[in-house]
Every structure is written in C-alpha cells, then in structure tokens.
Amino acid sequence: QKEVEQDPGPLSVPEGAIVSLNCTYSNSAFQYFMWYRQYSRKGPELLMYTYSSGNKEDGRFTAQVDKSSKYISLFIRDSQPSDSATYLCAMTTSSASKIIFGSGTRLSIRP
Amino acid sequence: DSGVTQTPKHLITATGQRVTLRCSPRSGDLSVYWYQQSLDQGLQFLIQYYNGEERAKGNILERFSAQQFPDLHSELNLSSLELGDSALYFCASSGGGGPDEQFFGPGTRLTVL
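As you go down the protein sequences, you meet chains A and B in turn.
Taking my numbering, the leading residue of the first sequence gets 1, the next gets one more, and so forth.
Taking my numbering, the leading residue of the second sequence gets 1001, the next gets one more, and so forth.
Only chain A is shown next, with the shape it has when bound in the complex (with noise of 0.2 Å):
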C-alpha cells in the first residue's frame, strides 16, 4: 500500500464549478500538508501548505485536513480553465525534511 494515494483522474468539469480533489495517507505521524499544481513540462508550484488539522483558505482556493481520516482535501471556487493542470498532494512528517508526494489528479476545466 502506498502512504499517499491520490486518484489519477482525469477530472473534467465546466469553468465555473467547484472542483474537489482529495488524498488519502497511511502514516499517522503526517503533520505537513500541501497542494502543490503543475502545468504540463514545468515544474511543481506550491499552493497551500498547512500543519495539523484544519482549513486553510486563500482566494479561490480551500484546503482542509482531517487527520482523524487522513484524508486531505483542496476545493477549488470558481474554477477557470487556467486551473487545468495536475495537482499533487504532498505530505511530511514534523522530523523528516523528506515529503512524500501523491502521484497527481489531471483537472481539465471546460470553457
């Protein structure tokens, strides 16, 4: 079993909805959380990072964790079809500087 378990997708949803994309994880001793998008050939760009339980929001962008589940989500309003790219789950533990990454959802947002 993989410690962070991502669904491939691809999810495709109208410009306009509320995306959510969401991860699962194993390892109970995650307390770092982030999101991270990339745009096809390019490197990784960090969206949210958060610690522990709880939302965090910044602009269009919700990302939640419930550790209780281990489950992490990010919620996407409003979406554009600037938002079509892959996002990546990521997760860290409070003393391994090492992250482990979800293997991406491809998000396409129709015009």
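A hint or two may mislead.
Footprint (simulated), chain B over chain A, 3 or more residues, beta carbon under 8 Å [to be verified]:
#1 42–51
#2 98–111
Derived SDA-like pairs: lysine to any residue, alpha-carbon spacing no greater than 20 Å straight-line [unchecked claim]:
#3 K2/A / Q1037/B
#4 K98/A / R1055/B
#5 K98/A / N1051/B
#6 K98/A / Q1037/B
#7 K2/A / G1095/B
#8 K42/A / S103/A
#9 K42/A / R1055/B
#10 K98/A / G1095/B
#11 K2/A / G1058/B
#12 K42/A / G1042/B
#13 K98/A / S28/A
#14 K42/A / S1002/B
#15 K1009/B / S40/A
#16 K42/A / Q1006/B
#17 K56/A / D1100/B
#18 K1057/B / G1042/B
#19 K42/A / E1054/B
#20 K1009/B / E45/A
It is worth saying that the hints were derived from the structure and are not from the lab.
Owing to the predicted nature of the structure, the values given are computational and were not obtained by experimental measurement.
Glycine is no exception: its CB is placed at the ideal position from the N, C-alpha and C atoms.
Start from chain A and add chain B according to the hints.
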C-alpha cells in the same frame, strides 16, 4: 518564477554515459532537494542537502550521486545511464533543513537513447 534555476533544460545522451545536472537554490535557501519524475513513477524524492551536508536520502540509485557546494548550488551526477533513467529531474529548495515549504525549479528533461 520560483527563484530556483536548473541547467540544462534538456539533455539527450546515450546508454552508459554520465551526465551532470545543476541547480541553484533561491537566494537564502540552505536546503536543496532532488526529485525524479517519470510517467509511471510520479514524483520521487532522491536526496536532500542542507548547507553542504547530506540530510536525507530517498530512492536514489547507487549510480546517482549529488553534492552541494559552498555557494549552495548543487549538482546531481547520473552515471552508467539506462533507458529507464529518462525522466524529468527537478530540484527544489527551502530555507531550513526541516519540513519547510519547497520551491521547485523548472526541471531538466533527460532522454537516454
């Protein structure tokens, strides 16, 4: 632009050869991380250096090695290249040695023929 630079952008070489990939971290960042991204394996952590010292090791093959120099730039050396080494290689940097936010460079696309 993340502030992390990588050279070269593209590299085409033959099996059995050796190549060196270079990374310059963001100004002030002490940690450099190397990742390999292939279609079937996703983003795999290879190795981390912090202020010149190896800090953490991931799924790095013995044919691969890295170092971080006093000016904090880093090089990833890949030797005895195989077809399966064809991938995108990313460098990321962060300020400290712990679970900091990592900022990725644009990557080097390696093709082994």
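Original post:
Are K98/A and N1051/B close enough, with their CA atoms no more than 20 Å apart?
Top reply: Status holds; Cα separation ~16 Å.
Subject >> Coverage of the region 98–111 of chain A by chain B (three or more Cβ within 8 Å) >> reply: Our answer is that it holds, as 7 residues pass the Cβ test (under 8 Å) against chain B, meeting three.
Original post:
K98/A and Q1037/B: Cα distance at most 20 Å?
Top reply: 15 Å, holds
Subject >> Satisfaction of hint between G1042/B and K42/A, Cα-Cα up to 20 Å >> reply: 14 Å, holds
**OP:** Sort out whether D1100/B lies within 20 Å of K56/A, counting only the CA atoms.
**Re:** Holds - the C-alpha atoms of D1100/B and K56/A are around 17 Å apart, at most 20 Å.
Original post:
Is the hinted pair K42/A and S1002/B satisfied, with a Cα-Cα distance of at most 20 Å?
Top reply: 11 Å, holds
**OP:** Could you grab the alpha-carbon distance between K1009/B and E45/A and see if it respects the 20 Å cut-off?
**Re:** 17 Å, holds
**OP:** Mind checking the alpha carbons of K42/A and S103/A for me, to see if they're no more than 20 Å apart?
**Re:** Holds: K42/A and S103/A sit about 16 Å apart, inside 20 Å.
Original post:
Is it true that the CA of K2/A sits at most 20 Å from the CA of G1058/B?
Top reply: 15 Å, holds
Original post:
Under the criterion that the straight-line Cα-Cα distance not exceed 20 Å, is the pair K2/A, Q1037/B satisfied?
Top reply: 17 Å, holds
**OP:** For the pair we were handed, K98/A and R1055/B, check the Cα-Cα distance against 20 Å.
**Re:** 9 Å, holds
Original post:
Holds or violated: are the alpha carbons of K1057/B and G1042/B at most 20 Å from each other?
Top reply: 17 Å, holds
The structure shown violates the earlier hints numbered 7, 9 and 19.
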